[in-house]
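**Q** Here is how the chains run, residue by residue.
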Amino acid sequence: MYGRKVKLRFFFIFLILIILSLSVFLILKSLEENVVYFKSPTEIQTLTEINKNKIRIGGMVKENSILIDEKKLKFIVTDFKNDINVTYTGAIPNLFTEGKGVVAEGYLKDKKFFLATKILAKHDENYMPPEVKSALEEK
Amino acid sequence: MFKYFEPNKIFSITSKAPKYVLLLFIIILSIGLTEALVLSPEDYKQSHSVRIMYVHVPAAWICLGIFSVVTFLSLIGYVFKIRNFFLISKSLAPSGLVFNIIALVTGSIWGKPTWGTWWAWDARITSMLLLALFYILYLIAWRICNNDEKAFKLTTIITILGIINVPIIKYSVDWWNTLHQPASINILSKSSIHTSMLYPLLIMTAAFALFSLLIFLMKYNTELIKIKNKGLDRL
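In order, the protein sequence lines correspond to chains A and B.
Counted from 1, the first sequence has number 45 at position 46 by numbering that gives the first Met the number 0; the numbering is strictly sequential.
Counted from 1, the second sequence has number 227 at position 228 by numbering that gives the first Met the number 0; the numbering is strictly sequential.
Okay, chain A solo, but in the shape it has when bound (with noise of 0.2 Å):
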């Protein structure tokens, strides 16, 4: 039905298409360390070595666990398997609350505890008026 060069060219783009989709994912599969954006507190609990290194952490602020005192911030992050106490002095976005997501930048000193520089809420992908949201909560 078609010449043969439609088809050759038909092939050729066919192929371009898996090969560059193949290495694209094998690229990203090996980078996958650095592709994420922060590290979960259970990833964290994994790692054979603590790095000087700045990392990220992320997951929600336990509830009951903002405790401020003097001139520092202390709260515990979590994914509800593993905590990670963190200690941080500065400002902080306003959507940062308890029970919701959170990165925060900085130094692990061990495993349990991390000195922030930097904290970031993280938004969820809920959007609801606030008269829906206390319905929601009265259930």
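Among the hints, a few may not be true.
[Claimed, not checked] Think about it this way: if two alpha-carbon atoms lie no more than 30 Å apart in a straight line, the pair counts; the simulated DSS-like pairs of lysine-lysine are:
hint, chain 1, residue 1, chain 2, residue 2
1, B, Lys111, A, Lys70
2, B, Lys152, A, Lys4
3, B, Lys169, A, Lys80
4, B, Lys15, B, Lys169
5, B, Lys218, B, Lys229
6, A, Lys4, B, Lys44
7, A, Lys117, B, Lys169
8, A, Lys4, B, Lys111
9, B, Lys44, A, Lys117
10, A, Lys4, B, Lys229
11, A, Lys99, B, Lys111
12, A, Lys6, B, Lys149
13, B, Lys44, A, Lys132
14, B, Lys44, A, Lys6
15, A, Lys6, B, Lys111
Simulated from the structure, these hints should not be mistaken for laboratory data.
Place chain B on chain A using the hints.
**A** For chain B alone, kept in the frame of chain A given last:
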């Protein structure tokens, strides 16, 4: 199959259509903006900054959609040697880039009050920046090629390289830990956005799509005039 692409017939449509599209765009945009900025409720958590989302998300959708269409048309055009498809792609791309930049800028504006940072090198944001670079590369390729045949080949290769990035953008938030939140609107499962916020979003998407159509028609019209001036009777 060339007979369907008579420049004169298409030209009579593309030269008249823009004013109607513009009118429709203004109407839909005013409805969308009223819905998004005034009528829609504030968010329970981020309050009024949710309104940025009504520009950010449609812009991101449209720019991804346009890149996919440009790639599809370029590939088909390359395999079957359809000149017209390349001209359509060429005319579509600029509005894609515009929406890509809008998505990046509004995302940044939203990120500051919400996350606490203007920019983060997480997978979603970085891959979105990469898409903008591909758009720029694509548009430059058209400029630097004097020969049409060369331009068709070069732009097709750029779209192939760029299209690999599109599923990465889409699924980056599911595959890796990112600062950017996962998708709220899912076709197969229940969406996690309240309907009172979904409608303005969809209206704004329609408005942006119309804007893209408008820019496309104007660009395409110019391409047709160029062809007419060259004295070619078919595309």
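**Q** Decide, hint by hint, whether the structure agrees.
**A** Each hint tested on the structure:
1. Lys111/B to Lys70/A: holds (23 Å)
2. Lys152/B to Lys4/A: holds (15 Å)
3. Lys169/B to Lys80/A: Holds - the C-alpha atoms of Lys80/A and Lys169/B are around 28 Å apart, at most 30 Å.
4. Lys15/B to Lys169/B: violated (36 Å)
5. Lys218/B to Lys229/B: holds (17 Å)
6. Lys4/A to Lys44/B: Status violated; Cα separation ~58 Å.
7. Lys117/A to Lys169/B: holds (28 Å)
8. Lys4/A to Lys111/B: Roughly 53 Å between the alpha carbons, so the hint for Lys4/A and Lys111/B is violated.
9. Lys44/B to Lys117/A: Roughly 21 Å between the alpha carbons, so the hint for Lys44/B and Lys117/A holds.
10. Lys4/A to Lys229/B: Measuring from Cα to Cα gives roughly 28 Å; hence the hint holds.
11. Lys99/A to Lys111/B: holds (17 Å)
12. Lys6/A to Lys149/B: holds (20 Å)
13. Lys44/B to Lys132/A: Holds, because 9 Å separates the two Cα atoms, which is no more than 30 Å.
14. Lys44/B to Lys6/A: Outside the cut-off at roughly 55 Å; violated.
15. Lys6/A to Lys111/B: violated (51 Å)
Checked against the numbered hints above, the structure breaks hints 4, 6, 8, 14, 15 and satisfies the rest.
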